[in-house]
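Student: Chains A and B supply the protein sequences, listed in that same order. First residue of the first sequence: 567, per the numbering used here; consecutive thereafter. First residue of the second sequence: 6, per the numbering used here; consecutive thereafter.
Calculated from the structure, these hints are not laboratory results. Idealized CB from N, CA, C, for every residue including glycine. There may be inaccurate statements among the hints.
Stated by the list, open to error - The calculated SDA-like cross-link candidates involving lysine to any residue, where the alpha carbons are at most 25 Å apart (straight line), are:
| hint | chain 1 | residue 1 | chain 2 | residue 2 |
| --- | --- | --- | --- | --- |
| 1 | B | 95 | A | 607 |
| 2 | B | 76 | A | 676 |
| 3 | A | 585 | B | 143 |
| 4 | A | 579 | B | 77 |
| 5 | A | 568 | B | 16 |
| 6 | B | 76 | A | 669 |
| 7 | B | 95 | A | 664 |
| 8 | B | 61 | A | 567 |
| 9 | A | 857 | B | 125 |
| 10 | B | 95 | A | 832 |
| 11 | B | 76 | A | 803 |
| 12 | A | 585 | B | 82 |
| 13 | B | 16 | A | 673 |
| 14 | A | 568 | B | 121 |
| 15 | A | 585 | B | 125 |
| 16 | A | 568 | B | 61 |
| 17 | B | 76 | A | 567 |
| 18 | A | 661 | B | 77 |
| 19 | A | 579 | B | 61 |
| 20 | A | 568 | B | 83 |
| 21 | A | 803 | A | 832 |
As the list claims (entries may be wrong) - Distance ranges between label pairs, derived from CB positions:
| hint | chain 1 | residue 1 | chain 2 | residue 2 | range |
| --- | --- | --- | --- | --- | --- |
| 22 | A | 748 | B | 185 | 34 to 44 Å |
| 23 | A | 664 | B | 181 | 46 to 56 Å |
| 24 | A | 664 | B | 140 | 13 to 23 Å |
| 25 | A | 693 | B | 191 | 22 to 32 Å |
| 26 | A | 759 | B | 129 | 44 to 54 Å |
| 27 | B | 69 | A | 675 | 21 to 31 Å |
| 28 | A | 700 | B | 172 | 17 to 27 Å |
| 29 | A | 603 | B | 132 | 46 to 56 Å |
| 30 | A | 828 | B | 140 | 14 to 24 Å |
| 31 | A | 853 | B | 113 | 23 to 33 Å |
| 32 | A | 571 | B | 172 | 33 to 43 Å |
| 33 | B | 113 | A | 826 | 49 to 59 Å |
Each chain, written out:
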Amino acid sequence: MKTLRALIRRNVKLFFNDKGAFFTSLVTPLILIMLFITFLGEVYRDAFVSAIPEGVTVAKSLENAFVHGWLFSSLLGVCTVTISFCSNLLMVSDKVNGSRSDIDVSPVSPTVLSLSYYIASAISTLIICLVALVICFIIMAFSGWYLSAYDAIMTVFDTVLLVLFGTSLSSIINRFLSTQGQISAVGTIVSSVYGFICGAYMPISEFAPAIGTFISLLPGTYGTSLLHLHLMQGVYKELDGKIPSEAIEGLKTAFDAKPEFFGHNLNEGTMFAILIGSVIVLTTVYVLLCKKKAKKK
Amino acid sequence: MENIIEITDLKKHFGSVKAVDGISFSVKKGELFAFLGLNGAGKSTTISVICGSLKKDSGEVLIDGIKIEEKPDEIKSRLGVVFQNSALDKPLSVYENLRSRAALYGITGKQFENRLGELTELLDLKEILRHPVGKLSGGQRRRIDIARALLHSPEILILDEPTTGLDPQTRQTVWAVINDLRKSEKITVFLTTHYMEEAAEADNVVILDAGKISAEGSPLELKNRYASDTLTLYSVTEDEVKSLGIPYNKTHDGFALTLKKTADATALITKAPHVFRDYELTKGKMDDVFLAVTGKTLNA
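When you get a sec, could you build the whole thing from the sequences and use the hints?
Tutor: And the structure:
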């Protein structure tokens, strides 16, 4: 236990000390913020305003809450996975720079070592994402807060679940990497592609049907959808009664609060089940891989 | 003295490459053992097998009488390894590095602080404990590597080319540290090096070539067996040198004669004492031994 704790502390410190890895992990969220500032923010604002019937006025704070809710849920959806991938690349860079050889000559068990990478990656990602979430909450509190206590708590829960999802997925993939080139390739691919395939850069409803179907097969999508739902649900509730329910449903569908799986609408519980199930399956696969490696040794 | 490492018919192949091809040797407790060979000769593979990082194909490796596959963790606790390239975490401080590595051996808290205190004194680390490893000089980093290898008080210290790339002064410092350690901790040192003058200080040497042992023995035995002595005569005429009947080379100050063994010099002195007014007898060097054994020279 002491060894595990010491290794976790080392791994977390190394990630935060490695400026390259740290900033690479922030590339996707930074792209998203840039896109939002340059044009996406206005596009979403226009979409919201156009859904409001003529003659109905809604508070500016509600408009802000809608736009910020979408941006922040997208940001968190992306950060949780891309940061966990980058922080978990430590298990590969340890092989590249020789630290792993140094660790392997000690009597530390391979299982403890694998576990230390997993937990450290989850902790590093959680620290960044929870700090980001607090900043998001502060901005929303000033620009327009319509979240219920349930929504706020569930947003934290979604974030934790997505961090575990990203950590377990990256643990499996990174386990097979062993060179600097592979580190760069995986870091770049995940950072640039994940924002699209989880429905963070643009709503899944905007994609062509075939791509939409493909994205619906990826469990991470439902984590982002849960965040969309919890950070924007308060806005939809506030709109209830002020604008026709069809308009609200239209907004929900357009902004991924009601994702579909082969034509079936998925509710909150089903999305949680998919995400939790994915975390359990991926973590089990990782543990089995670790055990297989330990046996081989 | 009893053997602390005993290797019998060790084989390790990578596909068709016979990295280690049936080698047998032993290392005595407390000795400085030098393991020589060109890159690719099989030194690192042998070390990896000893350390338990690589599985052997066949043969037996005993550390203090214990088979490595039977109690791998116990064996690992008896070994300290200094890698050719520092394997510590460059962004972290010396203290953080040593603390995390000590924890790999279950050494934490007060126990770690006590051991750190001993090593700080032994290796003069006080000034650099809080510095990031990446900002240290080559010599300082080497001292930290040695400290890391000694954290768990191993019985055997494996040094894989510990002075390669260091300037002569730093090499001297590193060797002073190693020699102090041998005295104070009675540790067995298993050394691989490209510097023949370092190998010349060893108690025993094994020369590896293409996965097989080409020669082994003490440096003196190897020099006697494989290298010639050089007898240099000063203040003599060329005719006097010719009268000895031994091939010679003219040098700046005198004449150099190559002799197969030291006894040949004794015979010459007895035969023609008047020629030996001013002379020097130099034994063969380990470089000559290596060249004679492998047909190749070692370049650092």
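Student: Now, for every hint given, state plainly whether the structure supports it.
Tutor: These are the hints, each one checked on the structure:
1. Of the pairs offered as hints, the one joining residue 95(B) and residue 607(A) is violated, with about 42 Å between alpha carbons and a cut-off of 25 Å exceeded.
2. Of the supplied pair hints, the one linking residue 76(B) and residue 676(A) holds, its CA atoms being roughly 15 Å apart against a limit of 25 Å.
3. About 23 Å separates the Cα atoms of residue 585(A) and residue 143(B), which keeps this hinted pair within 25 Å; it holds.
4. For the suggested pair residue 579(A) and residue 77(B), the alpha carbons sit about 30 Å apart, so the restraint of at most 25 Å is broken.
5. Taking the CA atoms of residue 568(A) and residue 16(B), the gap is near 37 Å; set against the 25 Å cutoff, the hint is violated.
6. Restraint check for residue 76(B) and residue 669(A): satisfied, since their Cα atoms lie roughly 18 Å apart, inside the 25 Å limit.
7. Taken as a hint, the residue 95(B) and residue 664(A) pair is honoured in the structure, with Cα atoms around 11 Å apart against an allowance of 25 Å.
8. The suggested pairing of residue 61(B) with residue 567(A) is violated, with an alpha-carbon distance near 31 Å, which exceeds 25 Å.
9. The straight-line distance between the Cα atoms of residue 857(A) and residue 125(B) is roughly 38 Å, outside the 25 Å bound, and the hint therefore fails.
10. For the given pair, residue 95(B) sits about 48 Å from residue 832(A) by alpha-carbon distance, which is inconsistent with the 25 Å threshold.
11. Of the supplied pair hints, the one linking residue 76(B) and residue 803(A) is violated, its CA atoms being roughly 65 Å apart against a limit of 25 Å.
12. In summary, the hint linking residue 585(A) to residue 82(B) is not supported, as the alpha carbons are separated by about 34 Å, beyond the 25 Å threshold.
13. About 24 Å separates the Cα atoms of residue 16(B) and residue 673(A), which keeps this hinted pair within 25 Å; it holds.
14. For a cut-off of 25 Å, the pair hint linking residue 568(A) to residue 121(B) stands: about 17 Å separates their Cα positions.
15. Taking the CA atoms of residue 585(A) and residue 125(B), the gap is about 30 Å. The hint is violated against a cut of 25 Å.
16. Between residue 568(A) and residue 61(B), the direct Cα distance comes to roughly 31 Å. Violation of the 25 Å bound is thereby established for this hinted pair.
17. Distance restraint check for residue 76(B) and residue 567(A): the Cα-Cα separation of roughly 21 Å lies within the 25 Å cut-off, and the hinted pair is therefore satisfied.
18. Only pairs whose Cα atoms come within 25 Å are accepted, and residue 661(A) paired with residue 77(B) is accepted, the gap being roughly 21 Å.
19. Only pairs whose Cα atoms come within 25 Å are accepted, and residue 579(A) paired with residue 61(B) is rejected, the gap being roughly 36 Å.
20. As the CA atoms of residue 568(A) and residue 83(B) are separated by approximately 20 Å, the hinted pair is consistent with the 25 Å bound.
21. Taking the CA atoms of residue 803(A) and residue 832(A), the gap is near 19 Å; set against the 25 Å cutoff, the hint holds.
22. A hinted range of 34 to 44 Å holds for the C-beta pair residue 748(A) and residue 185(B), which are about 43 Å apart.
23. For residue 664(A) paired with residue 181(B), a C-beta distance near 26 Å fails the hint of 46 to 56 Å.
24. Separation of residue 664(A) from residue 140(B) is about 18 Å and conforms to the stated range, judged on CB atoms against 13 to 23 Å.
25. Under the hint 22 to 32 Å, the C-beta atoms of residue 693(A) and residue 191(B), about 46 Å apart, miss the expected range.
26. For residue 759(A) paired with residue 129(B), a C-beta distance near 51 Å keeps the hint of 44 to 54 Å intact.
27. For the pair residue 69(B) and residue 675(A), the supplied restraint of 21 to 31 Å holds, since their beta-carbon distance comes to about 22 Å.
28. Between residue 700(A) and residue 172(B) the beta carbons are some 51 Å apart, a value that contradicts the proposed interval 17 to 27 Å.
29. Look at residue 603(A) against residue 132(B): about 49 Å separates their beta carbons, and that is inside 46 to 56 Å.
30. As the Cβ distance of residue 828(A) to residue 140(B) is approximately 57 Å, the hint placing it in 14 to 24 Å is violated.
31. For the pair residue 853(A) and residue 113(B), the beta carbons lie near 26 Å from each other, so the given range of 23 to 33 Å is met.
32. Checked against the hint of 33 to 43 Å, the C-beta distance between residue 571(A) and residue 172(B) comes to roughly 40 Å, which is consistent with it.
33. At roughly 53 Å, the beta-carbon separation of residue 113(B) and residue 826(A) lies within the given 49 to 59 Å, and the hint holds.
The structure fails hints 1, 4, 5, 8, 9, 10, 11, 12, 15, 16, 19, 23, 25, 28, 30 (numbered hints given earlier, in ascending order).
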